[in-house]
Amino acid sequence: SQPREIPYDGDRLCLELDQKSEHWASLLDAPGFVIGVSGVLPSEPQVDCYSVNR
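Count the sequence shown with the numbering used here and you get residues 10 to 63, in order.
In case anyone wonders, no lab produced these hints; they're calculated from the structure.
Among the hints, a few may not be true.
[Said to hold, decoys possible] The calculated label-pair distances, taken between Cβ atoms and stated as ranges, are: (1) V46 / I15: 26 to 32 Å; (2) E25 / P54: 14 to 20 Å; (3) K29 / P51: 32 to 38 Å; (4) R63 / A34: 26 to 32 Å; (5) W33 / P12: 30 to 36 Å; (6) P40 / D18: 28 to 34 Å; (7) D27 / S52: 27 to 33 Å; (8) K29 / E53: 31 to 37 Å; (9) K29 / L50: 20 to 26 Å.
Ideal Cβ placement from N, Cα and C applies to all residues, glycine included.
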């Protein structure tokens, strides 16, 4: 489910990074990360990034 800290407009896809992943430790020291989208899209995607501490 989408955290309440993230605005809901009914047209968003909410992704959560898995802190138990083998790659999590690498991400902590990384200067950034990339989200890849493939396929034909009807328009350019709009991306908003949020950080939520749980």
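Now for the hints, and whether the structure bears them out:
1. For V46 paired with I15, a C-beta distance near 19 Å fails the hint of 26 to 32 Å.
2. Between E25 and P54 the beta carbon distance is about 18 Å. The supplied range of 14 to 20 Å therefore holds.
3. Distance hint check: the CB atoms of K29 and P51 are about 35 Å apart, consistent with the given range 32 to 38 Å.
4. Separated by about 19 Å at the C-beta atoms, R63 and A34 break the suggested range of 26 to 32 Å.
5. W33 and P12 have their C-beta atoms about 18 Å apart, which leaves the hinted 30 to 36 Å range violated.
6. Evaluation of the 28 to 34 Å hint for P40 and D18 yields a pass: the beta carbon distance comes to about 30 Å.
7. For the pair D27 and S52, the supplied restraint of 27 to 33 Å holds, since their beta-carbon distance comes to about 29 Å.
8. In this structure the hint that K29 and E53 lie 31 to 37 Å apart at CB holds, the actual value being about 33 Å.
9. Taken as a hint, the range 20 to 26 Å is violated for the pair K29 and L50, whose Cβ atoms sit roughly 31 Å apart.
Checked against the numbered hints given earlier, this structure breaks hints 1, 4, 5 and 9; the rest are met.
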